[in-house]
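Student: The chain contents come next:
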Amino acid sequence: MTLSACIDGVGLLGPGIRGWQHGAQILRGETPYVAAPSVVPPAECLPSAERRRTGTIVRLALAVGLEATTNALADPAVLPAVFSSSGGDGANCHEICQALAGTERALSPTRFHNAVHNAASGYWGIATGATPAANALCAFDASFGAGLLEALIQVQVEHRAVLLIAYDAAYPEPLFSERPIPDAFGVALVLAPAAGSTSLARLAVELSSAPAERMPQPALEGLRAAIPAARSLPLLARLAQQATQAVVIDYLEPNNLALRIEPCR
Amino acid sequence: MTGPMKPLALTSFTATSCLGQGLEATLASLRAQRTGLAPCAFETVALDTYVGEVPGVDLTALPAEFTDYECRNNRLAHLALGQDGFAAAVRRCAARAGSARVGVFLGTSTSGILETELAYRRRDAASGALPAQFRYRGAHNTFSLAAFARAVLQLTGPAAVISSACSSSAKVFASARRAIEADLIDAAVVGGVDSLCLTTLYGFHSLQLVSRLPCRPFDAARDGISIGEAAAFALLERADAHEPGVLLLGTGESSDAYHMSSPHPQGRGARAAMLEALERAALAPADIDYINFHGTGTPSNDESEAHAVAAVLGSGTPGSSTKGATGHTLGAAGALEAVICALALQHDFMPAGVNTTAVDPALQVNYLRDNLPQRLDYVMSNSFGFGGSNCSLIFGRRGRGS
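Chains as they are written, first to last, in this note's numbering: chain R, 1 to 265; chain S, 266 to 667.
Since the hints were derived computationally from the structure, they do not count as laboratory data. We treat Cβ as the ideally placed atom computed from N, Cα and C, and that holds for glycine. It cannot be assumed that every hint is accurate.
[As the list claims (entries may be wrong)] Derived DEER-like restraints, expressed as beta-carbon distance ranges:
#, chain 1, residue 1, chain 2, residue 2, range
1, R, V39, S, R356, 48 to 54 Å
2, S, Q419, R, Q242, 27 to 33 Å
3, S, A326, R, Q241, 47 to 53 Å
4, S, A391, R, A36, 53 to 59 Å
[Stated by the list, open to error] According to the in silico footprint, chain S covers these stretches of chain R (three or more CB under 8 Å from chain S):
#, region
5, 123-135
6, 150-158
7, 165-178
8, 252-261
[Stated by the list, open to error] Part of the chain R face toward chain S, derived, beta carbon under 10 Å:
#, residue
9, F83
10, S84
11, L100
12, R214
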């Protein structure tokens, strides 16, 4: 069973990676990778009251989502979206657990509604006016692969473009010791059934038992291994290189995803 | 724009909630119009409220090979998977189709977060570290539920947890439907499990959305939700290969794009979800015999939903919220209410909305305060969640209707 779609736009943000253009240069080897903390911009797209309520992980998802739809020349308001995160907002969860371990057990309403796994999806709707279906997935370390499958299935079955946003942010201590996600990494893809003016490549995906590929650069391999959303890096590298290529990325044991990438121009 | 879907058969299903373990107990409670809500005595919670607690969840540990998954949520899942021959039906299906061709799509909002809440009380005084027994992956992580179910059921196909608050385990039906239609899989285990924890009890309390009484959906005096817990599962397979039974006929999903924790006042997103479900089922509004409302019992949810239902189905379609009986089981609500709809179709009755004594005259709905025995062909179930996530499902019976 092969699932297929065209990639019309990419959004990317991570440690030392300041957007898709910058990331593509790094992945093509034109610019050296320099490790640095992720810089997640404020959510200018939200009304100020809502903007103040967002944490890093929501701002990350909004930033890469908007970069991808902008690059795809797509109207975010009409795109169904698939959000996938390996664990949601660890910082917010820490604050809640800390409050619940105290004697008062007083939670703020904002903390509570930000705790839902689909918080980024809710803010995305408020920011862009998007009313189509939005999904919010989790598959632990397989969350990028699970999100990619869900988005490709939607493109194939519903014959319409879909926005995928996969994103993870750092966990604070003491959770960090149990789940060592060191920093924010987000990737967004606009996936469409047919090639359009902005299409970068056609992607075909199958389940596979072949081992997942690692990144040749140790620093990038470090990111790939440490942050579930960065399991997308081998795909993004092929996309940046704009050559017909095959690659296997991580999914859910015992399956990986075998990808074939054919440039559209 | 939206094409009709190929119906899927619910070849096995089960539910465990405060109404009882398994279908027989659940059906008996529904027939008796009994509520499972009781004053909250959960853990150390000091809130003046009613909850729908499942008795005995923590009495049985998981089998030794699943120790890494120990948490209340997975214990509740395990309890439910053992009812009504569900796990055995999944194993037979996997033997036929291949374990890699059976997907797992489950909904939860809080997974095993209770373990983390408890672990935070036992942090090391010097280092702040969590106790050594704490297992993030198997307990806390949102995917833990699907990983556990996949391990217990020995399935190796695609899997995901869908976690969109209170629409989670309705939306799993839509994701499974698409994955089967795309031929990625032949069958899917869908469902939802959510269990009592302090985050939701104190969280909904902070939003002032919790009633001090057993919740009274659609009542003029309704004043909030009662939180419940439940596990409900269904096995979805292509309908053409199976005997008559309950079918999934339509799914509809939408987003409010309005507010994080309040529904759109006119039910804009709810309306879109219901219309899409009707379109996929190739049914007219008048075909729906019964609607299981999301009906949480908050003033704003029920008002918004009543607007949406009146706009799509009109005011005559009989409906009820079964949350007066079960409590709001959050990420399990969609699947639990899907199973209640399946029981209604199988046993020819519409379940009453219990606790509600005086239906709000401002809500233009035909609200059932008593069970109504009647042959049903098509039923709709609504589920809406925080973040403006809406899902509507339509179920029916093969060989009935037009």
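Student: For which of the previously enumerated hints does the structure constitute a violation, in increasing order of number?
Tutor: Hints 2, 4 and 12 are the ones this structure does not satisfy, whereas the remaining hints hold.
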